[in-house]
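Visitor: As a plain string of letters, each chain reads:
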Amino acid sequence: MARLLMKGNEAIAEAALRAGAKGYFCYPITPQSEVAEYLARRMPEVGGVFLQGESEVAVSNMLFGAASTGKRVFTTSSSPGISLMQEAISYIAGAQLPVVFVNIMRAGPGLGGILPAQSDYFQATKGGGHGDYRVLVLAPSTIQEGADLMMLAFHLADKYRNPVMMIGDGMIGQMMEPVEFPEEYKEPPLPPKDWAATGAKGREALVIKSLFLDPFLLEKNSWVLQEKYEQMKREEVRFELYKVNPQNEILIVAYGTTARICQTAIDELEQEGVSVGLLRPITLFPFPEKQINKEAKKKNIKVVLTIEMSTAQMMEDVEKAVLGAKPVKFFGRTGGIVPSPDEVKEAALKLIKDKTRSARGTKRN
Amino acid sequence: MTDSQASIFTRPEALRDVVTHYCPGCTHGVIHRLVAEVLDELGIRERTLGVAPVGCSVFIYNYINCDFLEAAHGRAPAFATGFKRLRPDMIVFTYQGDGDLASIGMAEIVHAANRGEKFTTIFVNNAVYGMTGGQMAPTTMPNQVTTTCPLGRDVTDVGYPIRMAELLATSRTPGYIERVAVHSPRHIIQAKRAIRKAFTYQKEDRCFSLVEVLSTCPTNWGKTPAEAAQWLNDEMIPYYPLGCFKEPNNEGEG
Amino acid sequence: MPGIIIDKNHCKGCELCVRACPQQIISMSKEITVRGYFYAQVHDPSRCIGCRICAITCPDVAIEVHTHGTVFSLFDY
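Chains as they are written, first to last, in my numbering: chain L, 1 to 365; chain F, 1001 to 1254; chain E, 2001 to 2077.
Since the hints were derived computationally from the structure, they do not count as laboratory data. Heads up, a few of these hints could be off.
What the hints assert, rightly or not - Straight line, CA to CA, 27 Å or less: simulated DSS-like cross-link-like pairs of lysine-lysine:
#: 1; chain 1: L; residue 1: K22; chain 2: F; residue 2: K1203
#: 2; chain 1: F; residue 1: K1223; chain 2: E; residue 2: K2030
#: 3; chain 1: L; residue 1: K233; chain 2: L; residue 2: K294
#: 4; chain 1: E; residue 1: K2008; chain 2: F; residue 2: K1223
#: 5; chain 1: L; residue 1: K71; chain 2: F; residue 2: K1203
#: 6; chain 1: L; residue 1: K228; chain 2: L; residue 2: K302
#: 7; chain 1: L; residue 1: K353; chain 2: L; residue 2: K302
Take the sequences, apply the hints, and build the full model.
Guide: Next up, the structure:
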């Protein structure tokens, strides 16, 4: 398969089709409308269903209906639209249906802006909808990874019968990079979808629902869901290490395109004799807590620095992972501003300098 | 009872033999039975999917014996759209009340009808929110007393009741829309004809179909079932005229 | 001879059948069912014409109608 130069939005769309997605229900919103435009043309070519509905509220609920058929279905949207979808995500999680959501994040809150941000971390990982449920969250940092994770998302959604969300900041949607798709998409086997509504022929009629008025049954359902999330924590944690070695003085934790900016900063710091490592979470839920804890506790690490395009959302999970072993600091830009490698470098150096000053024997109270 | 005894009216196969949770005299029971009879008569039960609403009839899936989805409030037409588009070979119907269809779900039904989604909607209009205890609905009559308009619906404050059949019929997209009532045997017989026609259009893959069924809610109207039937006849029918508002014509234009 | 069977277990005492029967042969019992409803019963079965109007009206599908011999179909149902 040739390497194609593709826009992120289009690569994500094509990846979904390669994974066998047969239904796409969408509503336009900047900066991801190109996904809809691409699929309006491509979906009929692969015999799938494309429908632009009247709102994100409507299309997210269409996904419940569509997923009930047992076919692979998905949608893409951006932050304000994802807010509108929270009701449906809660229902989909409660009814244990597989649906893939993609959030091409823009700055918020409210109408916000159209430029990239990472301010939907809480919304994605802690759940914007009501009830005891979680969403498996994937975060690519390149277009190729976006395509790969998109295909994985469908597999995981089916495996766990749970909504899976891939979040990319606006750059992942808008950039163009080379992408390669596999000739044939191979995945591990999955159990048959005997829960799907196919008509009560030759079997008892079934109901796909999330209502359990009996509190004992509802509690049981919530723990059934919880067991899935525990399994995700055991089996699905994914992350990447960059220049992590025993000499690191700082551990940076960053995801998405922010991580790439940090990589540039780390390379430049290395030239200047400062050793910094990066742990890039790929799954934001389940979060790589154990690995962050392990790296943070290394002897030479003075501080853990979270870099995000937000006002410090992932930082709370990093703090929770580090469990007080080392100080956790934050640097970020938001509102749609993307930090530059220089800013990241400066933030890192400032922390080292402060630490060095106090280590030179200043009296501490 | 001799051997040549013939049964000329029994419970339809598609209606489970259980006692329902509906109030005495609630016409949901009649409408459920009509739908079940039509599913039996058209032979479509085994490939039917129902979408249950939020409302008194959320438990329709305990009574009608076919596959069901339980929708979020108002979203049944969206659920039906998503399902039917991926399984056009199945018969899909939604069953919704005033709040579900005419209030929170207004956008979903208007757009599904306008897109001409080929499912059938049974809209139960009883001028009140039943399950939540009798609050005002978009279909509550002027001066009708409900728990959230205890002095009666003031049309100068909240406007007149919405006539859904007429509203949806203004769409240029072909569809079948009829309003019926189930408060008397004569009307129930006509209602069944409309429901059968709606499902038949879907079986023929023709168009969107909606049957608005004027119904009673004795409990929340504060009346006996017989008084409620009379009130429906005297007050609701003049405002919500019965009849067919839209038919798909043969040329495929609305 | 047509006749109806009313299932006490399903009857919720709504009295709509009493009102609907053109022969006025249904009335409410003075006893209550285990659910606490006065149930409907036929007080003059010989005058039943098998029109099915009671069964059509009943919201709880509590009535079955049977007959033998000629059945007059008074309406399409």
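Visitor: It remains to establish, for every hint, whether it holds in the given structure.
Guide: Against the structure, the hints come out as follows:
Among the hinted pairs, L/K22 with F/K1203 is consistent with the structure: their alpha-carbon atoms are about 24 Å apart, no more than 27 Å. Restraint check for F/K1223 and E/K2030: the C-alpha separation of about 21 Å stays at or below 27 Å, so the hint holds. Restraint check for L/K233 and L/K294: satisfied, since their Cα atoms lie roughly 16 Å apart, inside the 27 Å limit. Of the supplied pair hints, the one linking E/K2008 and F/K1223 holds, its CA atoms being roughly 23 Å apart against a limit of 27 Å.
For the suggested pair L/K71 and F/K1203, the alpha carbons sit about 23 Å apart, so the restraint of at most 27 Å is met. A distance of roughly 36 Å separates the Cα atoms of L/K228 and L/K302; the hinted pair therefore is violated under the 27 Å criterion. For the given pair, L/K353 sits about 11 Å from L/K302 by alpha-carbon distance, which is consistent with the 27 Å threshold.
The structure fails hint 6 only (numbered hints given earlier).
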